[in-house]
Amino acid sequence: MTDFADIWSYLASGPLVWLTLTLVAYIAGDALSQASGRAPLANPVLIAVILLAMVLWVSETPYPVYFEGAQFVHFLLGPATVSLAIPLWQQGRRLRKAVLPVLAGLVAGSLVAVLSALGIARALGVDTETLAALAPKSTTAPVAIGIAQSLGGSPTLAAVLVLLTGITGAVMATPLLNALRVRDWRARGLAVGTAAHGIGTARALQVHPRAGAYAGIGMGLNAILTAFLAPFIFRAFG
Amino acid sequence: MIHALALIFLCQLAGEALARWLGLPVPGPVLGMGLMLVLLSASARVAALVVPVGEGILRHIALLFVPAGVGVVGHLDRLGPQAAALALAIVISTALAIAAGALAFVLVARLTDSVDSDD
Numbered sequence: 012m013t014d015f016a017d018i019w020s021y022l023a024s025g026p027l028v029w030l031t032l033t034l035v036a037y038i039a040g041d042a043l044s045q046a047s048g049r050a051p052l053a054n055p056v057l058i059a060v061i062l063l064a065m066v067l068w069v070s071e072t073p074y075p076v077y078f079e080g081a082q083f084v085h086f087l088l089g090p091a092t093v094s095l096a097i098p099l100w101q102q103g104r105r106l107r108k109a110v111l112p113v114l115a116g117l118v119a120g121s122l123v124a125v126l127s128a129l130g131i132a133r134a135l136g137v138d139t140e141t142l143a144a145l146a147p148k149s150t151t152a153p154v155a156i157g158i159a160q161s162l163g164g165s166p167t168l169a170a171v172l173v174l175l176t177g178i179t180g181a182v183m184a185t186p187l188l189n190a191l192r193v194r195d196w197r198a199r200g201l202a203v204g205t206a207a208h209g210i211g212t213a214r215a216l217q218v219h220p221r222a223g224a225y226a227g228i229g230m231g232l233n234a235i236l237t238a239f240l241a242p243f244i245f246r247a248f249g
Numbered sequence: 097m098i099h100a101l102a103l104i105f106l107c108q109l110a111g112e113a114l115a116r117w118l119g120l121p122v123p124g125p126v127l128g129m130g131l132m133l134v135l136l137s138a139s140a141r142v143a144a145l146v147v148p149v150g151e152g153i154l155r156h157i158a159l160l161f162v163p164a165g166v167g168v169v170g171h172l173d174r175l176g177p178q179a180a181a182l183a184l185a186i187v188i189s190t191a192l193a194i195a196a197g198a199l200a201f202v203l204v205a206r207l208t209d210s211v212d213s214d215d
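Chains as they are written, first to last, in our numbering: chain A, 12 to 249; chain B, 97 to 215.
The set of hints was computed from the structure by calculation and includes no laboratory data. Just so it is clear, the structure is predicted and the values come from calculations on it, not from any experiment. Please note that the accuracy of each hint is not assured.
[Claimed, not checked] Label-pair ranges, simulated between beta-carbon atoms:
#, chain 1, residue 1, chain 2, residue 2, range
1, A, Pro26, B, Ser213, 32 to 42 angstroms
2, A, Asp138, B, Ser213, 42 to 52 angstroms
3, A, Met65, B, Pro177, 43 to 53 angstroms
4, A, Gln82, B, Ser213, 41 to 51 angstroms
[Claimed, not checked] Part of the chain A face toward chain B, derived, beta carbon under 10 angstroms:
#, residue
5, Asp41
6, Ala42
7, Gln45
8, Ser47
9, Arg49
10, Leu52
11, Thr92
12, Ile97
13, Pro98
14, Leu117
15, Ala202
16, Ile235
17, Phe239
[As the list claims (entries may be wrong)] Heads up, incomplete: computed chain A residues facing chain B, CB under 8 angstroms, no partners named:
#, residue
18, Ala23
19, Arg107
20, Thr176
Ideal Cβ positions, reconstructed from N, Cα and C, are used throughout, including at glycine.
Produce the complete structure using the sequences and hints provided.
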């Protein structure tokens, strides 16, 4: 009989075990998030990343070996971006009734997100390559990764900054908007979706269905707007 | 399902080709999204075909962040001295962006008599 170490080293060199572990870690993260009543800090992605990082560390597996398996999941970022057309299309009728307020909120939120992030980071001495990964932080991950890559930034770092932005937005949105006395659910949702993409949208859906719908609109439109804006703003800071 | 996936991939492929051909700074999949939006609006058959599959992918969009997220572990040492600056930039700029977006929406909604109602 072959011992465990031999079987492990055989399996760990192929993609199957890493693909499987990626799915299992995400399922575990999602279950923990649900058990916490969807507490903003118990984010399924954050939990899955920590679990997998521990497995890689304990098994002394280099990231490229892990990615051999995980690339099949990673690849779906592109098709997922294309699929974002679906919620946009479904919200089309609603959107036509509030075109001008939506555009105003979108442009203001999108510009302030990129300009203030790059301005603050630059003032604090962050280098240009890292700024390229920070610029698209308010867009949904698949788009942010694409934008960061085309600006010469690290896709990995971009994914993490996106994640942190989403969690930050989801945690602060309700108290911040209450303090600003914004009672329009459309405005609240659109602002959160624009600034904090999918994680913000998931949070808005928990608060009010109309806020959730407008958050979805904000997330989808900001993905497009940031893809056009970020290269120009980035060049001004680069 | 295969037809829907083929359509989604075709949109992405066309977007990638277009971005490269025109030298646009926009990621190919974003152009693919625009193309899919046109197809969905143009044809009810495309919509009926693509919507269930696309929604299936979107339902677990968070899973797709995981592989790239794991990669950051290798970047943490490089991030080290900049971590505090990045955290500060994210917290302040996210708060400013939410405030700016919500206030701009409310202002223009008031100017155009657009009301927050169910329908």
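Item to check | Violations among the numbered hints, reported as their numbers in ascending order | outcome: 1, 3, 6, 7, 8, 9, 10, 18, 19
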